[in-house]
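Enquirer: Sequence:
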Amino acid sequence: MRNTTTQADGVPGGEHAPVRFDTKIAVLLRDDLESWQRLNVTAFLVSGLGTVVPEVVGEPYEDADATAYLPMLRQPVLVFEGAKETLTGAHAKALSRSLATSVFTSDLFATGNDRDNRAAVRAVGRDALDLVGLAVYGPRNAVDKVIKGARMHP
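In short: position in the sequence shown from 1, add 24, done, that's our numbering.
Derived from the structure by calculation, the hints contain no laboratory data. Glycine residues also receive a C-beta, built at the ideal position from the N, C-alpha and C atoms. You may find that some hints are simply not true.
Simulated DEER-style distance windows between Cβ atoms [unchecked claim]:
{"id": "1", "residue 1": "Gly74", "residue 2": "Val43", "range": "15 to 21 Å"}
{"id": "2", "residue 1": "Leu94", "residue 2": "Arg139", "range": "23 to 29 Å"}
{"id": "3", "residue 1": "Val148", "residue 2": "Ala107", "range": "31 to 37 Å"}
{"id": "4", "residue 1": "Ser122", "residue 2": "Ala88", "range": "26 to 32 Å"}
{"id": "5", "residue 1": "Glu83", "residue 2": "Thr112", "range": "34 to 40 Å"}
{"id": "6", "residue 1": "Glu86", "residue 2": "His40", "range": "15 to 21 Å"}
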């Protein structure tokens, strides 16, 4: 997937010009999660994005003392919330548009490692997943259509 950036007015600018991405990273969380669950689910959902779409990861960071830090996603992650039905609909739309999608189901709160997480998801059919969160990456307009009906996380 392509991930280009342009200045807000579409004209190339200097190094301090505003950056506008033609792609979007959105996380949609079920609105009945506890605070700790929201944070945990968000972290898990975006963690795999850079392995599948490496261009979303920026350069490593360094402070003024030359201490090196890991790179991070190079564009904002927008976090939304919605009812269970909103997540179910968004999931179906994301898959129908072939967007890069990650899911977190309620079953994953009871597991403690990647192997068991994958087995828990694999044990349930696509339409029966008890989704508590999903992340979607793709062209901005397509992602907007997927998360339509959700509201920005407070």
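Enquirer: Hints first: check each against the structure and report whether it holds.
Expert: Verification of the supplied hints:
1. The supplied range of 15 to 21 Å is met by Gly74 and Val43, whose beta-carbon atoms lie about 18 Å from each other.
2. The hinted range of 23 to 29 Å is satisfied by Leu94 and Arg139, whose Cβ atoms lie roughly 24 Å apart.
3. A hinted range of 31 to 37 Å is violated for the C-beta pair Val148 and Ala107, which are about 20 Å apart.
4. Checked against the hint of 26 to 32 Å, the C-beta distance between Ser122 and Ala88 comes to roughly 43 Å, which is inconsistent with it.
5. Between Glu83 and Thr112 the CB atoms are about 37 Å apart, so this pair conforms to the stated range of 34 to 40 Å.
6. Taking the beta carbon of each, Glu86 and His40 are about 19 Å apart, inside 15 to 21 Å as hinted.
Violated hints for the displayed structure, listed by number in ascending order: 3 and 4.
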